[in-house]
Amino acid sequence: MDANDRILIIDDFLANGQAVKGLLEIAKLANVSVAGIGIVIEKSFQKGHVLIEKSGIRLESLARIASLSDGKVTFVD
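Residue numbers for the sequence shown, in our numbering: 15 to 91.
Treat the hints with caution; some may be incorrect.
Claimed, not checked - List of simulated lysine-lysine pairs, DSSO-like, C-alpha gap at most 27 Å:
1) K68 - K42
2) K35 - K57
3) K35 - K61
4) K35 - K68
5) K61 - K86
6) K57 - K42
7) K86 - K57
8) K61 - K42
9) K57 - K68
Simulated from the structure, these hints should not be mistaken for laboratory data.
Can you make the complete structure from the sequences, with help from the hints?
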């Protein structure tokens, strides 16, 4: 890999963002740029979305969960 390489990070769940944060650090150490981050299910009520948003990297999630309470899943509109 070299500085001209671009990668797309794909992860199954986004909650607190620690897995993505680690992958971003690996990309930095490999001297490659991250084109974007794709998430299958995002727990929007946790801090991971904000963490990635602050990095300035594009984030796309297939499903965004607003809350998990009383055995009910509520999705972001």
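Each hint, compared with the structure:
no.	hint	result
1	K68 - K42	holds (16 Å)
2	K35 - K57	holds (16 Å)
3	K35 - K61	holds (12 Å)
4	K35 - K68	holds (12 Å)
5	K61 - K86	holds (20 Å)
6	K57 - K42	holds (25 Å)
7	K86 - K57	holds (13 Å)
8	K61 - K42	holds (22 Å)
9	K57 - K68	holds (17 Å)
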